Amino acid sequence: MLDLFGISLIFIGIGFYAAGSIGLLRLPDIYSRLHALTKADNLGLGILCAGLALLNGGLLYAMKLLLVWLLVLAASATTSHMIAQQALRRETN
Amino acid sequence: MGIQLWLMLDLVLSGLALGLGWAAVSSRDSQRSVVFFIAFGLLLAIIWARLNAPDLALAEAAIGAGLSGVLLLSALRDEPAAAAAGDMIRGPKALLVTLLSLALTALFAWVLLQTLDVADKVRMADQIAAQLPNSGVTNPVTAVLLNFRAYDTLLELAVLLAAVLGIQALGPARPPYRAAGPLLGGLIRWLVPLLILTAGYLLWAGAHAPGGAFQAGALLAAAAVMLRLGGDPDAGLPRPRVQRLLLVAGIAGFLLVGIVTTAIYQSFLNYPDGWSGGLILLIETAATLAIATTLALACIGGRPAGWEPAESGAVPTRQRESK
Amino acid sequence: MILTAELIYALTGVGLFGMGLRGALLRRSLLGRILAINICGAGVFLLLVAISYTGPGVAPDALPHALVLTGIVVAVSATALALALGRRLRETARE
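These protein sequence lines are chains G, Y and F, in that order.
Be aware that the first sequence starts at 59, since it is given in our numbering, and climbs by one per residue.
Be aware that the second sequence starts at 142, since it is given in our numbering, and climbs by one per residue.
Be aware that the third sequence starts at 3, since it is given in our numbering, and climbs by one per residue.
Some clues are possibly wrong.
Chain Y stretches covered by chain F per the calculated footprint, using a threshold of three residues with CB under 8 Å from any CB of chain F [said to hold, decoys possible]: (1) 157 to 168; (2) 195 to 205; (3) 277 to 289; (4) 306 to 317; (5) 425 to 434; (6) 437 to 448.
To be clear, the hints were calculated from the coordinates, so they are not data collected in a lab.
Keep in mind the model is a prediction, meaning the values are calculated, not measured.
C-beta: ideal position from N, C-alpha, C; glycine also.
Model the full structure from these sequences, guided by the hints.
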């Protein structure tokens with residue numbers, strides 16, 4: 059039962075990644091693309107990690123995945139901000 | 142059903158690898174190629190994980206995708222924009238080269254197909270597994286690197302030292318980056334201690350789990366590169382005198398152990414029984430520091446401020462002014 | 003010819019080597035050629051690791067893994083040296 063839930067969470071996470079990739083390819087400018095990518099990075103990875111933790115069980119494993127998710131959140135937030143700032147700077151010059 | 146799924150995964154991964162490799166090699170401009178190459182490195186890390194090579198996956202993610210990416214992107218900064226576009230040679234010569242490389246690839250593939258089945262599966266895996274309890278560690282890759290083939294690792298550290306000496310001799314470091322804003326500065330403040338801690342853990346865990354000197358050194362180098370990207374021109378490295386000591390620390394550790402074992406046992410790097418684990422950890426610690434300093438200096442791209450400038454014999458004066 | 007994982011990845015490695023070779027000969031910029039040679043190297047690594055794969059649950063052959071590990075580190079430092087050489091060539095060509 060828990061396995062089924064985990065697998066469905068993984069598929070939902072993959073769906074978010076697909077949405078983010080389609081957004082990256084189809085959206086017009088860099089800001090909207092960054093917006094689409096954060097969906098993939100934050101939500102998609104979080105749901106994927108939750109599914110993996112459910113599939114594998116074990117508290118230590120789940121804590122490691124949580125730490126991975128938090129690190130990716132921090133890194134992707136910082137890099138998105140910096141990319142957007144640089145793009146804005148380039149536009150106003 | 143399980144076999145089919147693994148097969149599909151393998152086909153997808155290898156197809157992606159070929160596609161990304163093609164994109165990295167034949168893209169119109171260099172920037173695209175570099176980005177595809179970084180993505181290729183990450184995909185390769187996943188392929189290593191699928192092929193039961195976790196040590197390689199760690200090293201590829203840290204070095205092949207991370208440090209390599211930083212190196213190539215900062216080299217891209219120097220590359221003039223005019224050379225970036227219109228990159229491939231076209232015409233009849235290009236067609237000839239393409240046909241010849243296709244023929245060579247086909248020849249290699251044919252040889253591979255012939256030998257993959259015929260080759261007697263005498264692999265070192267059995268011998269390594271048999272000797273593993275005597276080696277002092279339980280991770281077979283660490284045992285091979287630091288016990289069975291320790292001499293190769295010593296020579297490889299010498300190759301790294303030669304590369305970094307070449308980089309130092311070729312000119313001053315690339316210009317430093319702007320000081321980090323609050324967001325990047327905050328991220329660096331959190332990540333660098335975490336990276337150092339994880340590097341120490343990987344060094345310790347290399348004896349019984351995937352990890353070891355190379356991965357730990359790569360993580361430390363990543364911490365140094367993060368500091369440099371945040372504005373520190375020295376990338377958090379110590380004074381040049383200490384940097385020089387760190388660069389040779391790996392080779393020095395090996396040689397010290399080798400000289401002592403030669404003096405006692407008349408054979409180079411023949412660890413005495415019971416001491417293997419401790420000696421391996423000692424050598425790995427020295428090697429981690431050496432690899433970290435080497436990779437950090439390689440990513441800085443030249444002589445950081447504080448090393449003596451090349452004297453007049455080597456570098457013409459005009460060069461020094463063209464900083 | 004059974005399609006095993008070994009075979010798929012080994013052929014991919016050979017293919018990557020061929021692509022890298024073509025790119026190394028046909029690209030004009032130094033950075034492009036360095037990238038192509040790195041792809042060659044990655045193909046060789048893939049070949050080595052593929053032939054050391056022994057099956058899903060079994061421990062793989064550790065010797066090619068050690069070779070590829072040192073290979074990865076040496077490849078990145080050789081790339082750094084090549085880029086430094088290229089930078090220096092450009093600077094001397096400019097005067």
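Tell me the numbers of any earlier hints that the structure contravenes, in ascending order. 5
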